[in-house]
Amino acid sequence: MTPTTYYIALIAKSFGLERRNKRLADASSEMGLLREAEYQLGKLLWEKIEGIDELSVEYWNLRKYVKEHHSHTEIMHELNDRLSVLHETRAEILNEGSTHQEELAQQRADLLLKLEEMAHKRDSLVRRAKDIRRIHEGHLTKIEVLERDGHHTDEVTAVKNDIEALKEEFRSLKQQRTEIAEELEKGDHALDEIDGKLQQIKQEKRDRAAIVFQEIGGINRQLSDIRSEIGNCEMQIRHLQASVGRYISRYYKRQPRCGEVAQHQRAMVEVMRLLRISIAMNHKLSDFK
134 MTPTTYYIAL IAKSFGLERR NKRLADASSE MGLLREAEYQ LGKLLWEKIE GIDELSVEYW
194 NLRKYVKEHH SHTEIMHELN DRLSVLHETR AEILNEGSTH QEELAQQRAD LLLKLEEMAH
254 KRDSLVRRAK DIRRIHEGHL TKIEVLERDG HHTDEVTAVK NDIEALKEEF RSLKQQRTEI
314 AEELEKGDHA LDEIDGKLQQ IKQEKRDRAA IVFQEIGGIN RQLSDIRSEI GNCEMQIRHL
374 QASVGRYISR YYKRQPRCGE VAQHQRAMVE VMRLLRISIA MNHKLSDFK
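Numbering-wise, our numbering comes out as the position in the sequence shown, counting from 1, plus 133.
Treat the hints with caution; some may be incorrect.
30 Å max Cα-Cα, derived DSS-like pairs, lysine-lysine [unchecked claim]: (1) LYS176 <-> LYS386; (2) LYS293 <-> LYS307; (3) LYS300 <-> LYS275; (4) LYS275 <-> LYS307; (5) LYS307 <-> LYS319; (6) LYS338 <-> LYS319.
Don't read these hints as lab results, they were simulated from the structure.
Go ahead and model the full structure; you've got the sequences and the hints to work with.
Have a look at this one:
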């Protein structure tokens, strides 16, 4: 707001056109601009104010907080670098393979294939044994019928010979089935042993990864604390720089040292002066206390 618009608004107010809410909104918006300008001016000039006694507290506190901020930032970068290395290490541990592990995995695959073949062979033997039982039952019925007729003696003898051959084959099948069952049992035990070794290798990798993960957790907690410290430093720095900018802009013309420090920022200081005047006029028009 300029003096001209202020007097126009003042005349309008005398006629009952106050627009109080607009004046307060304008003042609030201008105050936000002024506060940001104070911060930016202080940010630009604070390193030059060492000789201004009235700002010595702000200057030395800024030196302290800027140094702390720099130190915390370096630590944070170091921790982030360490964190990246640990994440890579953990991934490598979980994904790494060893010759022994690969050999065990191959042994397991070969053993599973062998056990599957033996299981198929066992199933074939069982099916053949069932067929022999049916054939044996058929032969017995045939002998019963032939002997009842009292004839076909040679044929009965031939069938009995077939039955003996079937019995011999059945005994052989039974023996083979027993041997395969034993082999399957041994294979299952060997498979369990290989699985146990593989599980042990995986557990060792998980244990190693867990140790790294614990270290990752510790670094994350440190980073959280460091970020909090950095945030506090930044808040203090902003507050102090705003105080510096506020002081210099107010005493730019009244204190030579301030004028000297801010001589290259005259335009910003002038804008801040006009903002203060506008805020005051808006407050006055809105009867702000």
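Here's how the hints hold up against the structure:
This hinted pair checks out: LYS176 and LYS386 have alpha carbons roughly 20 Å apart, not beyond 30 Å. With a CA separation close to 21 Å, the supplied pair LYS293 and LYS307 stays within the 30 Å bound. Between LYS300 and LYS275 the CA atoms are separated by roughly 16 Å; this keeps the pair inside 30 Å, and the hint holds. Of the pairs offered as hints, the one joining LYS275 and LYS307 holds, with about 25 Å between alpha carbons and a cut-off of 30 Å not exceeded.
Between the alpha carbons of LYS307 and LYS319 the distance comes to roughly 18 Å, so the proposed pair stays at or under 30 Å and holds. Between the alpha carbons of LYS338 and LYS319 the distance comes to roughly 29 Å, so the proposed pair stays at or under 30 Å and holds.
This entry satisfies every hint, going by the numbered hints stated previously.
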